[in-house]
Amino acid sequence: MSSVSQYFSGLFTGIRSLMKGMSVTWVELWTKKVTAQYPENRDTLVISDRFRCELTMPHDTNNEHACTACGICVMNCPNGTINIVSEMIETADGKKKKILKQYTYDLGMCTFCNLCVVTCPSNALKFENTFENAIFTRSKLVQTLNHEGSKLREKKKETPAPVAE
Amino acid sequence: MILNYSQPLEISNLSAWLDTTLRSNLSEFWTLLIEFVLVGVLLLAAYAVIALVLIYVERKITAFFQARFGPNRVGQYGLLQSLADMIKILLKEIIHINKVDKFLFYAAPFFMVGASMMTFGAIAFGKGLQAVDFNIGVLYVTAVSSLGIIGVLLAGWSSNNKYSMIGAMRSGAQFVSYELSAGFALMTIVVLSGTMQFSEMIHKQEYCWNIFNGHISSIIAFFIYLISGHAETNRGPFDLPEAESELTAGYHTEYSGLQFGFFYLAEYLNMFIIASIATAVFLGGWMPIQIKGWEAFNQIMNYIPSYVWFFSKTGVLIFFSLWVRWSFPRLRIDQLLNLEWKYLLPINLVNLLVMVILVLTGLTLTDLFPSWF
Amino acid sequence: MENIKKLILNTVSDAVIEDKQKLTVTVEPNKLHLLAKTLRNNADLPFDFLVKLIGTDCGEKLGVTYLLSSSSDLSKEVVLKTGTADRENPLLYSVTDLYETAHFNEREVFALLGIRFINNPDMRKFFLNSDWVGYPLRKDYDANPELNPVSLVSKEMIDVAPRIMETKEGLKEELVNVFEEDDYVINIGPQHPSTHGVMHFRTALDGEIVKKIDVHSGYIHRGIEKLSESLTYPQILHFTDRLDYLSANINRHALCMCVEKAAEIEVPERAQYIRTIMDELNRIDSHLLAWACQTNDLGATTAFIYGMREREIILHIFEKTCGGRLIINQNVIGGVMFDIYDEFQKDVKSFIPYMREKLVEYDKFFSHNVIALGRMINIGNLTKEDAISYAVTGPAGRGSGWSCDIRKHQPYALYDKVDFKEIIRHENDSYARYMNRLDEIEESLKIIEQLIDNIPAGEICAKTKAIIKLPEGEYFQRVEACRGEFGVYIESRGDKTPYRIKFRSPSMALVSAMPLICKGEKISDFIGIGGSMDYVIPDIDR
Chain A
510 MSSVSQYFSG LFTGIRSLMK GMSVTWVELW TKKVTAQYPE NRDTLVISDR
560 FRCELTMPHD TNNEHACTAC GICVMNCPNG TINIVSEMIE TADGKKKKIL
610 KQYTYDLGMC TFCNLCVVTC PSNALKFENT FENAIFTRSK LVQTLNHEGS
660 KLREKKKETP APVAE
Chain B
158 MILNYSQPLE ISNLSAWLDT TLRSNLSEFW TLLIEFVLVG VLLLAAYAVI
208 ALVLIYVERK ITAFFQARFG PNRVGQYGLL QSLADMIKIL LKEIIHINKV
258 DKFLFYAAPF FMVGASMMTF GAIAFGKGLQ AVDFNIGVLY VTAVSSLGII
308 GVLLAGWSSN NKYSMIGAMR SGAQFVSYEL SAGFALMTIV VLSGTMQFSE
358 MIHKQEYCWN IFNGHISSII AFFIYLISGH AETNRGPFDL PEAESELTAG
408 YHTEYSGLQF GFFYLAEYLN MFIIASIATA VFLGGWMPIQ IKGWEAFNQI
458 MNYIPSYVWF FSKTGVLIFF SLWVRWSFPR LRIDQLLNLE WKYLLPINLV
508 NLLVMVILVL TGLTLTDLFP SWF
Chain C
674 MENIKKLILN TVSDAVIEDK QKLTVTVEPN KLHLLAKTLR NNADLPFDFL
724 VKLIGTDCGE KLGVTYLLSS SSDLSKEVVL KTGTADRENP LLYSVTDLYE
774 TAHFNEREVF ALLGIRFINN PDMRKFFLNS DWVGYPLRKD YDANPELNPV
824 SLVSKEMIDV APRIMETKEG LKEELVNVFE EDDYVINIGP QHPSTHGVMH
874 FRTALDGEIV KKIDVHSGYI HRGIEKLSES LTYPQILHFT DRLDYLSANI
924 NRHALCMCVE KAAEIEVPER AQYIRTIMDE LNRIDSHLLA WACQTNDLGA
974 TTAFIYGMRE REIILHIFEK TCGGRLIINQ NVIGGVMFDI YDEFQKDVKS
1024 FIPYMREKLV EYDKFFSHNV IALGRMINIG NLTKEDAISY AVTGPAGRGS
1074 GWSCDIRKHQ PYALYDKVDF KEIIRHENDS YARYMNRLDE IEESLKIIEQ
1124 LIDNIPAGEI CAKTKAIIKL PEGEYFQRVE ACRGEFGVYI ESRGDKTPYR
1174 IKFRSPSMAL VSAMPLICKG EKISDFIGIG GSMDYVIPDI DR
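Going down the list, the protein sequences come from chains A, B and C.
Residue numbering for the first sequence follows our numbering, starting at 510 and increasing by one per position.
Residue numbering for the second sequence follows our numbering, starting at 158 and increasing by one per position.
Residue numbering for the third sequence follows our numbering, starting at 674 and increasing by one per position.
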């Protein structure tokens, strides 16, 4: 007798559990969907400020940056993403000084570990949240971060606010 | 027949007109030839169109079950998505694999499509919209639809792939088991309505659908038919032959392009066929809802063309099948066989007996309340 | 521990015992097995849990370090060390007969350092092909790419395993076939939808039933331990996120703690709070994904997406806190890199009740589904003894009734200050593991609830030197990652780079138990069991 009752109770608990499952999907069927519709939502899309997408070097309105070409970021980068070309110039008062000529950053190599930004002694670097970086050729991922004709910001001068890129 | 109200939207009027026009102008032979070709072409077209619509509907409904939007990029609401997919699959290269059994490998998809095509012909889409109306229609459908399994077995065997082989063997076991249940469930209703011909069966359900007529017994048969029909079409939670999480794609792993398209098409069509047979047998087919005595109501219901009735009833059943599919995990092969041999088959046999008793002792609704129905 | 010292000296009289960070015992190679056996069979405190097996190239010697622990009290630890000076044909004795988990680990040591183990039943290289030239972790390894060119031709699978057995006549080298001749062998993986990564299981089937499984790994081995030997500690940190990417934050926490302990850096309290909360969020995230993947493995695609839906919220919190979703780079040596954002507490607090609601929904949707129950209950049984022997920790180990939560046994960060339950089940099956994860989500929510309102103000990161050098020594750190115990071992020689760094991956133990628990199950359950064990392949292929 017990096996018979077991047979039927098994059948009915089984059916009940299946119906419960179906009730969950039934509710979901009528729930409003929230999937973000990219790219239609580009205007309203909010990407968190801290989201790391690409390394940038903020320049102010005078086309000046803060990079002293010290090379600490190059040393700290775990996989050789950054390359700095510097040159020695002679300042007006006759002193020799190293200035930045070209700051190359390979987006394709970057692991976004943020070490360069953290270790930079002059806060010259920043990770931006501009995430649409897909392109068709790999070579274009190698970017030069310092702008054409830019120079080092003098320390004494009052710094104008950096311009958003 | 009581259906003598005006039914302007009915296609049968058009076909009758075509028939008389042809017959008055041409000889018998030419008339028939033209009509055969026409029906054949229309069926093929309907086959493709229904599959495309079903694919779109399934993807959309699935998405809503799963907190997604589903296709919404090609055309408004993604309506052209399955058309685009079809074009893609037509253009895709068919990859010829070296170590397969060539003849059987290429023949297998045609078995699938052929079997579902042959069943498709026997479906009554509406009043007078039935290509083949045998007096043993139910038997014919059961027999022909089981041909499809040969396609699955051949595909799995000839692919020379171990995954495909396991898939095919699973599907063999599954099909043989569930065919039995489906057959018995249909038989229960054959006992009730006393005919195997679809058209007659539908006409008999004018005022009382079979599912109500045989009350308890019919309802049980209905659900058993849905479950086993669902299992026969190899769709989740009974999709063991293709079980993508264990067998990658099961029996059609090695197929590509149009050949894969055939399997895909046949799968969706089989789902439609099962739903439409259930409609015809249990839910009165294309017959509108009619209540004896309520002439005005009947007139309004009749104004809606029969094929709309058919497709909406089928649609409800297809929705039910999708709902089940996307709610449950997949069964294991022994659970699957357990369900059939330990639950469905014994219940079915008892149910058949109960139905015979109901019919013999006059306990069906039509016998109990003859004035209502 | 004095008793243990006595026991060790009684067993091996010439053992060198040192009190370093852990009790360290150095013995001759031929005494090691005896000592391990004595410790394992010690009645009072059996050292029956082999936490780590580390091969090191110590210069003149090739050494192996064993970190043993007791399954009843994980805070009791003994380190055994041995080594051989023979660099041409180094041979050591295997401990596979005592600890099953040693099997894969010894094969790994063979592949990376070339030490072969006597009595190990299957001495094929793990991770590497048998024709790999050189042993990468040796200090004199030639990394010239011409020696090991990238092959574009497919190679035959070799199902013959060499081994060295000790017989009465001496050592005997022999070859054994992995499979029988007429086995129906299918390759599950490396490209398979349900292996959760590039894992390769050669599976012999008898109809639908799994007869034998042979594990091949290393398809995505990146040599992180080797790479780390030339990087500074802050640089190594970014690799830890890429081991088990689902418990990225916890792995990183482990390495940070290990370095902080060694360099004696005090972590500010605020950072501890942030670390603990982030760890628990990470755990929920991982368990949700595990739940989702397991349901997907069992064929319930819809449930998979529900899991992803809830996980998205956590990822969004991560994104706003530290600018990453999967690889979140939050911990640094001395604290955390980013402070919490203004709305962090609000976001987390609104997530907690939402998640609770969803847990109820999961229960309704899947946990009591009759099909799901049939596919999980009494499937993939792993007894407690086997769990310990195979070192299966985490929700899987606790599903076998083994209390192995490091957060309880060796509390770190704030785990000794919060109140939570260690979820233990004794059913040993897939369902126990499955339910353990769901219950642990609830426990994690409780932990977060206790901490979220009490985050103290203050620094988020201690001041550290620009270049962090660890004093000479060996440092261990164990943490409870999402899949089990994650461990870090650093051997420092006083440089800014480690001499040897080793990560203990919980997933490797989980995979090593798969051949045992899947034997005799159906092939579809093999996939389901894999889902319930929830291994992550990059964790194995470090």
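It is worth saying that the hints were derived from the structure and are not from the lab.
Quick reminder that beta carbons are idealized off the backbone N, C-alpha and C, glycines included.
Fair warning: there could be bad hints in the mix.
Under the rule of at most 20 Å between Cα atoms (straight-line distance), these lysine to aspartate or glutamate pairs were calculated in the EDC-like manner [what the hints assert, rightly or not]:
1. B/K319 / C/E1145
2. B/K319 / C/E1164
3. A/K541 / C/E985
4. B/K319 / C/E1194
5. C/K1192 / B/D524
6. C/K1169 / C/D832
Covered stretches of chain A (chain C as the covering partner; in silico rule of three or more C-beta atoms under 8 Å from a C-beta of chain C) [said to hold, decoys possible]:
7. 526 to 533
8. 563 to 575
9. 641 to 654
Now for the hints, and whether the structure bears them out:
For the proposed pair B/K319 and C/E1145, the alpha carbon gap of about 55 Å is over 20 Å, so the pair is violated. A distance of roughly 48 Å separates the Cα atoms of B/K319 and C/E1164; the hinted pair therefore is violated under the 20 Å criterion. A threshold of 20 Å between alpha carbons decides the hint, and for A/K541 with C/E985 the separation of about 16 Å falls inside it, so the pair holds. Simply put, B/K319 and C/E1194 have alpha-carbon atoms about 18 Å apart, close enough for the 20 Å limit, and the pair holds.
With a C-alpha separation of about 59 Å, the suggested pair C/K1192 and B/D524 falls outside the 20 Å cut-off, and the hint is violated. Distance restraint check for C/K1169 and C/D832: the Cα-Cα separation of roughly 43 Å exceeds the 20 Å cut-off, and the hinted pair is therefore not satisfied. Note: the region 526 to 533 of chain A has 6 residues with beta-carbon separation from chain C under 8 Å; the three-residue rule is met and the coverage holds. Only residues whose beta carbon comes within less than 8 Å of a beta carbon in chain C count, and the region 563 to 575 of chain A has 0; fewer than three means the coverage is violated.
Using a Cβ-Cβ cut-off of 8 Å, 0 residues of the region 641 to 654 of chain A lie near chain C, which falls short of the minimum of three, so the contact claim is violated.
Checked against the numbered hints given earlier, this structure breaks hints 1, 2, 5, 6, 8, 9; the rest are met.
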